[in-house]
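Asks: Residue numbers (the working numbering), protein chains in the order written: chain A, 1 to 169; chain B, 1 to 169; chain C, 1 to 169; chain D, 1 to 169.
Source of the hints: derived by calculation from the structure; they are not laboratory data.
Be aware that a few hints might be false.
[As the list claims (entries may be wrong)] Within a straight-line C-alpha distance of at most 20 Å, the following computed SDA-like cross-link-like pairs (lysine to any residue) qualify:
(1) D:Lys115 x D:Ile84
(2) B:Lys115 x C:His65
(3) A:Lys154 x A:Gly124
(4) C:Lys116 x D:Ile84
(5) B:Lys154 x B:Ser15
(6) B:Lys134 x A:Glu164
(7) D:Lys116 x D:Gly75
(8) A:Lys115 x D:Glu66
(9) D:Lys115 x D:Val137
(10) B:Lys116 x A:Ser63
(11) B:Lys134 x A:Lys154
(12) B:Lys134 x A:Gly126
(13) D:Lys140 x D:Glu164
(14) B:Lys134 x A:Thr133
(15) A:Lys116 x A:Ala153
(16) B:Lys116 x B:Thr155
(17) D:Lys116 x A:Ser63
Protein chains: 4
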Amino acid sequence: MKIAVIGHSGHLEKSALNDLCENIGYQIAKHGHVLVNGGTGGVMEAVSRGAKNAGGIVIGMLSGHEKGNDYLTIGIEMGFDASISSVFMMYNASAVISIGGRSGTALELFAAYLKKIPIILMDGTGGWTERMTKDLVDGKYFDENRIVEVRIAKTAEEAMRIIESIQVP
Amino acid sequence: MKIAVIGHSGHLEKSALNDLCENIGYQIAKHGHVLVNGGTGGVMEAVSRGAKNAGGIVIGMLSGHEKGNDYLTIGIEMGFDASISSVFMMYNASAVISIGGRSGTALELFAAYLKKIPIILMDGTGGWTERMTKDLVDGKYFDENRIVEVRIAKTAEEAMRIIESIQVP
Amino acid sequence: MKIAVIGHSGHLEKSALNDLCENIGYQIAKHGHVLVNGGTGGVMEAVSRGAKNAGGIVIGMLSGHEKGNDYLTIGIEMGFDASISSVFMMYNASAVISIGGRSGTALELFAAYLKKIPIILMDGTGGWTERMTKDLVDGKYFDENRIVEVRIAKTAEEAMRIIESIQVP
Amino acid sequence: MKIAVIGHSGHLEKSALNDLCENIGYQIAKHGHVLVNGGTGGVMEAVSRGAKNAGGIVIGMLSGHEKGNDYLTIGIEMGFDASISSVFMMYNASAVISIGGRSGTALELFAAYLKKIPIILMDGTGGWTERMTKDLVDGKYFDENRIVEVRIAKTAEEAMRIIESIQVP
């Protein structure tokens with residue numbers, strides 16, 4: 001499966017958040033999945049580093065003429081702005097894991113939801129990821145259309161258990 | 001100016017919400033602006049009807065092979081899915097007015113914000129529009145990047161006053 | 001119907017070619033059709049002028065941040081480069097009329113053909129339009145897949161007769 | 001570098017053409033380049049097989065819900081139709097090698113040319129590739145805008161020599 005990880009591109013210090021990102025990337029690769037992400041810094045760089053350390057394949061869907069981070073197996077240049085690239089990234093994911101993040105991450109979450117991509121929100125990571133864990137409709141949907149279930153995980157291991165339970169059509 | 005109006009496509013009964021939509025469409029046209037919207041039902045049909053009644057131009061940005069509502073001057077077929085069409089619609093708006101709505105509307109709000117399009121949230125219209133009025137950063141931003149101001153209006157007249165104050169670059 | 005007209009954006013002198021373009025735009029509008037084009041100069045400006053003189057609606061599908069010509073009813077900003085905009089324009093045409101042109105016009109011709117949009121090549125207008133009139137497979141196709149018929153016309157009137165014979169599905 | 005190879009998706013018999021395709025794919029990988037193509041059958045399958053046999057990385061840019069061929073390292077689902085995917089593929093190529101092909105290949109050739117991607121036409125492979133070798137402006141351009149040089153090669157080795165001479169900006 002291709003698993004997308006989304007989150008803020010801002011620089012990540014050595015921190016619990018950085019460790020979580022690296023661990024998630026590592027687990028995705030160890031489970032034999034391909035990591036897909038926006039290919040730049042912050043959360044994306046940390047998960048890419050983790051996946052590369054596990055010998056996995058990392059695809060960066062770059063917007064415009066962005067330079068990819070050092071851990072990408074392949075950078076795909078999408079040729080348009082980040083908002084559109086975000087939506088297209090969802091065509092290439094069997095599930096998405098969301099970590100912190102600002103409006104770009106929120107856009108990606110709604111794009112994933114509207115395309116019925118299973119979503120895992122990493123609890124305690126702040127930003128729009130955390131904000132979206134509140135007030136879910138029936139505790140698991142972004143709206144009354146109940147398009148696809150949104151799950152909440154606290155650790156990389158818990159996120160991977162959810163990933164492994166996904167039945168790809 | 002081209003003004004985008006976004007909101008839920010579900011059927012609107014005769015209601016205060018329907019009247020608000022028609023009035024907003026009417027005012028947009030009366031002020032000499034072009035109305036841009038998703039071109040289908042619900043909020044979009046009501047604002048289109050209002051703008052047409054005022055003799056205005058209404059552009060519907062249709063996704064896939066959707067059929068436009070009866071009040072469009074022109075339907076532009078975007079040829080791809082609604083999520084992408086939503087983002088593209090924002091290239092064609094000097095401001096966006098948001099009324100109620102579900103995840104599709106939330107996606108459009110974040111797409112507008114990320115493109116620095118001034119946003120007006122219609123207070124009291126429910127759904128994601130209303131939800132986004134809560135917890136704004138500094139009372140006016142969707143995130144700490146403070147990309148563009150988000151304003152809140154209660155009436156069509158108040159929304160138009162905000163529109164008229166916008167300086168197009 | 002929406003009728004696309006394609007051709008070179010380079011400046012057109014007062015000439016038979018300019019007159020042909022204006023006449024084609026005029027006829028499209030007089031027959032009650034909407035003119036769709038790339039919205040900029042040269043062939044596009046001349047057909048837009050013709051259509052506007054006949055009181056018609058002219059849609060310009062602009063790429064990037066291009067400025068539209070003076071005869072557009074509406075400019076739609078596509079937000080990406082000309083090659084992609086060209087392909088999208090074909091989602092909005094029931095037929096395409098091709099006049100002279102360089103590689104951009106050739107790209108549009110193949111995009112139209114691949115989408116089964118009936119094509120009319122204006123004979124004697126030079127460039128890729130004229131080049132495509134040679135060596136048509138069975139005298140009317142761009143390749144052995146025989147996707148849609150390509151017709152050749154010498155005058156605006158002849159082009160309009162072909163347009164009027166098109167059965168929109 | 002990422003090298004795109006384009007051509008007809010129709011089934012290829014065991015033939016000199018099939019051998020040429022496999023050889024080109026093989027050489028691209030042996031020279032350390034990544035092969036990018038449309039990911040489906042015919043020419044694309046044969047070059048993918050060649051590159052995989054050489055241990056290379058093969059990216060297939062799939063349109064819609066196409067199934068990729070058996071030799072792809074990664075299939076990127078573009079989520080829209082083949083014409084658009086073709087144009088996007090060119091954002092991911094430092095050069096393009098063209099082999100035979102019909103209108104889809106012609107569209108890709110013009111998209112590459114308009115984006116200034118160096119083009120190598122494989123002589124004697126028929127279809128639009130061969131047709132484009134005729135009547136080049138100044139013997140090397142698709143039009144008077146002289147956007148990027150078009151080269152003609154007869155063998156995989158000759159194509160690779162041209163590839164190796166390309167200076168990536």
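Asks: So, for every hint listed, does it hold in this structure?
Replies: Right, here's what the structure says about each hint:
no.: 1; hint: D:Lys115 x D:Ile84; in the structure: 14 Å, holds
no.: 2; hint: B:Lys115 x C:His65; in the structure: 14 Å, holds
no.: 3; hint: A:Lys154 x A:Gly124; in the structure: 7 Å, holds
no.: 4; hint: C:Lys116 x D:Ile84; in the structure: 15 Å, holds
no.: 5; hint: B:Lys154 x B:Ser15; in the structure: 16 Å, holds
no.: 6; hint: B:Lys134 x A:Glu164; in the structure: 36 Å, violated
no.: 7; hint: D:Lys116 x D:Gly75; in the structure: 25 Å, violated
no.: 8; hint: A:Lys115 x D:Glu66; in the structure: 17 Å, holds
no.: 9; hint: D:Lys115 x D:Val137; in the structure: 18 Å, holds
no.: 10; hint: B:Lys116 x A:Ser63; in the structure: 18 Å, holds
no.: 11; hint: B:Lys134 x A:Lys154; in the structure: 26 Å, violated
no.: 12; hint: B:Lys134 x A:Gly126; in the structure: 17 Å, holds
no.: 13; hint: D:Lys140 x D:Glu164; in the structure: 19 Å, holds
no.: 14; hint: B:Lys134 x A:Thr133; in the structure: 15 Å, holds
no.: 15; hint: A:Lys116 x A:Ala153; in the structure: 19 Å, holds
no.: 16; hint: B:Lys116 x B:Thr155; in the structure: 23 Å, violated
no.: 17; hint: D:Lys116 x A:Ser63; in the structure: 19 Å, holds
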